[in-house]
Amino acid sequence: MLNTVYQLVAPRRIDLAIEDLHVAPDALVVRPTHLSICHADQRYYQGMRDPKVLAEKLPMAMIHEAHGTVVFDGSGTFKAGQRVVLVPNLPVEEDPIIAENYLRSSKFRSSTADGFMQELVVTTASRALALPEGINLDVSAFTELVTVVMHALNRFDATAHAGRASFGVWGDGNVGFITTLLLRTRFPEAAVYVFGKSEEKLADFTFATATHLITEIPADLEVDHAFECAGGAGSIDAIEQVIDHIRPEGTIALMGVSENPVPINTRMVLEKGLRLLGSSRSGVTDFQTTLDLFNAHPEVVAHLSRIIGGVFDIRSTADIATALADDRARRFGKTILHWMV
Amino acid sequence: MNFAAILAGGQGTRMGATDKPKQFQMLAEKPVLIHTLEKFTIMSEFERVLLLCPAEWVEAAKDLVASHLGAAEKVVVISGGATRSGTVQNAIAWIEENYETDENTVLLTHDSVRPFVTYRIIQDNLAALEEYEACDTVMPASDTIVVSEDAQLISSIPLRSHMYQGQTPQSFKLHALKDVYAQLSAEEEDQLTDACKAFVLRGKPVTLVEGEAFNIKITYPVDLRIAHALLGQFE
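So the protein sequences, as listed, match chains H and P.
Take the first sequence: its letters are residues 2 to 342, numbered as in the numbering used here.
Take the second sequence: its letters are residues 6 to 240, numbered as in the numbering used here.
Honestly, the hints are just simulated from the structure, not real lab data.
These numbers come from a predicted model, not from an experiment.
Glycine included, every Cβ here is placed at the ideal spot set by N, Cα and C.
Be aware that a few hints might be false.
As the list claims (entries may be wrong) - Footprint (simulated), chain H over chain P, 3 or more residues, beta carbon under 8 Å:
1) 27-41
2) 111-125
3) 194-201
4) 227-238
Whole structure, please, built from the sequences with the hints as guidance.
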């Protein structure tokens, strides 16, 4: 089937390509309707990735956060017209130990495979989940980002010691917001402190126990465990502060992506007996857990709707460029694309 | 209920030295008309997809559909008419013989030689018929249109912002289309190159649906080369 794909061919240049995709008898074909921009997409679009990496990956369609309507499902799992959220991780094997999102053989949309900026997405029913009826369609556009936090929390829960009286979240961006919200929902009795750079952004964390500017953290403030959601160059200072304020034997969940190596005070990691827990992306089970959360806790969806920073109707490559520029100019919030090409 | 009629009646007389109609020529790994059919056959919005071919190509077309398409049973291959309107009327006749139709029955017609039609264009056609009895897929004219009635001198140069180039699909409420065909005089029917014109001649509204620049019609040999280039296959 001929399919129109909007590919990034060079930094800040998106061109249309037409691909002849094989539609297997049991394939799932989805029309993407709602897309959401991730920082990772911006790093490709703005040319902030290593030129060698860009040369290997481009041309490539961006966007790995999306949902859409089913056009055709040869497997019979979904009905035509049903709304499904799309899973960007594309495993080619199963492993009894290693999760699908850590298998080096897995492909990932908008990284090692075309993302969702396509006329139609050809996938399989195993890479899609039905969206709950009546859910906010703009919030569910960034379900994938919530699944990444959900995945990190599940790993944390399975790894960290049982003391869960207090948590610290470093980072006042989208990931920090979602992490704080999910911690509050999962551990309602715990204290959740947020540390960030912007008073204005921190004021939006209405469900946190307390928020602090990173320059004004009380010296005696301690947390059982910490989540680093800063990313980039900010990871260095964030991890340093975490090590200062975390109690011995706590777990530090690392969630911020950095293009450059991040120095860590390993002496204090050793002295305090800390655990550093890495996590990245998510798998189908995390999507299911997240959709269950949306169903059980409508207040989570309501809070998530507050971080929508911009909504754009996309009918052309020029509209895509406008939305990406607006997203880049904004310091906080998710940009939603209503995909109409 | 919606039906799609893929019009593959052309004899390929403009395609150059080859005898094979252009819709049967290969584009990458499949004949052009198979690419076109694929987008319609996966859409549940269509009850059946009719493929209307020259009579001598009907059996060959059935073979191609069976070997290339997973949902081959959804496709009905029948013979087209001597003209475009004759072909569309054959489609109407087949639908009425095999299904109960009503005022909401939709017939979407599409050139088999426009394989790059998009899902959005098809959906916009169907959406347009929720309000109108007919719609035409068009692109704003990018070139100035020059009118000459004697093929020697310019008669007029219309305002470009009023000019559009017609593509397909063209979609209709089936009963309304049948009615306007029935009202055409023999002279009008002779001059009819396009079903939307039948509505315009009767003063009935036809709404516009935005096409795509790449929704090209493969008419001349160079078009097939352009189609290959669109697919990233530079020969």
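Right, here's what the structure says about each hint:
{"no.": "1", "hint": "27-41", "verdict": "holds (count 4)"}
{"no.": "2", "hint": "111-125", "verdict": "holds (count 5)"}
{"no.": "3", "hint": "194-201", "verdict": "violated (count 0)"}
{"no.": "4", "hint": "227-238", "verdict": "holds (count 3)"}
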